[in-house]
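Undergrad: From just these sequences and the hints, can you work out the full model?
Take any residue in the sequence shown, count from 1 to its spot, add 25: that is its number in our numbering.
FYI, nobody ran anything at the bench for these hints, they're computed from the structure.
Take every hint as true, because none was put in to throw you off.
Calculated lysine-lysine pairs in the DSBU-like style (CA-CA distance at most 30 Å, straight line):
| hint | residue 1 | residue 2 |
| --- | --- | --- |
| 1 | K108 | K193 |
| 2 | K175 | K141 |
| 3 | K447 | K396 |
| 4 | K364 | K396 |
| 5 | K506 | K540 |
| 6 | K540 | K338 |
| 7 | K108 | K141 |
| 8 | K297 | K337 |
| 9 | K382 | K364 |
| 10 | K539 | K337 |
| 11 | K108 | K175 |
| 12 | K539 | K506 |
| 13 | K175 | K124 |
| 14 | K456 | K506 |
| 15 | K337 | K540 |
| 16 | K338 | K297 |
| 17 | K338 | K539 |
| 18 | K193 | K124 |
| 19 | K364 | K380 |
| 20 | K193 | K175 |
| 21 | K124 | K141 |
| 22 | K382 | K396 |
| 23 | K540 | K364 |
| 24 | K447 | K540 |
| 25 | K124 | K108 |
| 26 | K447 | K506 |
| 27 | K141 | K193 |
| 28 | K396 | K380 |
Source: prediction; values computed, not measured.
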Amino acid sequence: MSNLLHRLEQLEALEQKADELHRQDSSYSDAELNQLLMMARMITDSEDPDQILRALLSSSVQLVGAERGVLGLVGSAGDVEWKLALLRDGSEFMDPSSKVSHSVIHRVLESGQPLKSENLDEHSALSTARSVVDLALKSCLCVPIRIQGKVAGVIYVDNSSTSIFTSKMLALLDGFCELGSVILTHARLRREQQERFRELQSLQAYHQRIVNALPSSLIVYDSAGLAHFVNAAFQQHMVGGTQVIADRDAPAGLRLSPEFTSQLEQCPEDEKTSFEVVLEHHIFRCWRFPLPAQEASRGLRGAVMVEITEQKKLERELLENEKRSMVSRMAGSIAHEIKNALAPLTGHLDIMPLKLKDHPEALEIIASELKIIEEMAGRVGRITSNLSQLSKPLRFAPTRLNLNMQARSVTELLRETSGKIKHYHIVDMDKPDTLVVPEGTLYELRLELEPGLPSIQADPDLLQQLLLNLVINAAHAVEAKGTGWVSIRTAHGIDSVVLEIEDNGCGISADNLKKIWEPYFTTKGEKGTGMGLHFVRTVAESHDAELTLTSEEGQGTCFTLAFPLATR
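TA: As structure tokens, this is what we get:
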């Protein structure tokens, strides 16, 4: 009877426990939901996967009131790697593998479903498992951790006391771990995104260094000429010091000049085809290249460009040197042949009057013709002499000299000789008696010489001939206009002495400016040989002097030479 009463009491207790569990399972209390929300926020606040895993396990142990819990992740070989093992008070314990039921964990990993056992002693499938028996477990919960839809690990909690876990606890833990899995997935995705972003930044920096190391200038621009990308070479070479390519002060930012953009747009978009663009005194070799479809749809274009102004200048100089060398060789040969043919002609001209001395009437009849022949023979002789000089290198004997003294010496030479320039009044700014210009004077030769000029290293004969050529040419240009002046100026530069021969004569046309330095080119007709300016440039080059020419038709001409200072 006592046994029966005892069993009835046990049955009544079990029914009461079942009712209590049923009531607990039917709904979640506000405290439980708040705890769940608080734990979820704690996990969400972290972006470090390791911190999230620790918070997830710690919260799971507290949520269901477990004595301890472990978290394991599936390794590359399919085995479980134990990442963390915590007691209820938050402290870690060692050797988690010996403290868990591997049978329970393997079943969860295989099925992918959470597992709860209220009393492992009565669980037919697990009660005899060695891990359950060895650990003397009373109750455990095990839920899967999913990352990107796959079971990546488990959270396992257990009790060795008489307290058991309820279905609601399992649901809470499973839902909480699902939330944790989502947060963990997002954290890993964010970390991967950050790593990919860093890799992208590193790749961009790598490519940027390569692009900036290119000696060629590169630009991506739109139809309005606004630059969207430029490399270091473009900023250094194209923008610096010149506005012909781009305007760095444009309101919208770096912008190509309209002239440059229009020339680029007229050229084919083919990286294999190069073309030249000329702006002011700058020459550029350019290539246009197609951009990817997305950038092209936004109206972007790409171009690579290299300034070749100096290269073109060197090419022209090389070509001119080759032409001069060829002309010099030809000139020497032609001069030799002309001299051979001219010698007997001049000889016969000399003896012709002697042969006709007994026939004065005949001599008088042909005298004018003989004079014309003599003049033309003289002209041929002068041309031949110029040809001979052209075929020989200049005899350069430099010495220290003062450019002011050379200029005054040439002026005195022009004053005392006739036939070269006439009707000029020489005005020397250092001589007051020359400043008053006589009435009726048509032309002036002005000397504007800077006092205290340092010495240069030059050949006095060559320099005198250079000055004579330039002054005589300037005088002829003024005389062709009918009135005006010629100025000889000197000045001291930073590392040079500057000589300027300027006039306000008839000037040089744009077409002739391109040919003015060529041998035998002249605008004086039969009066000129075309060798004067060629000689001037040759002398300037032999003295390492920088020679520049500016001229405007109808306004005048200015030749400027910058001689280096004497070094010895």
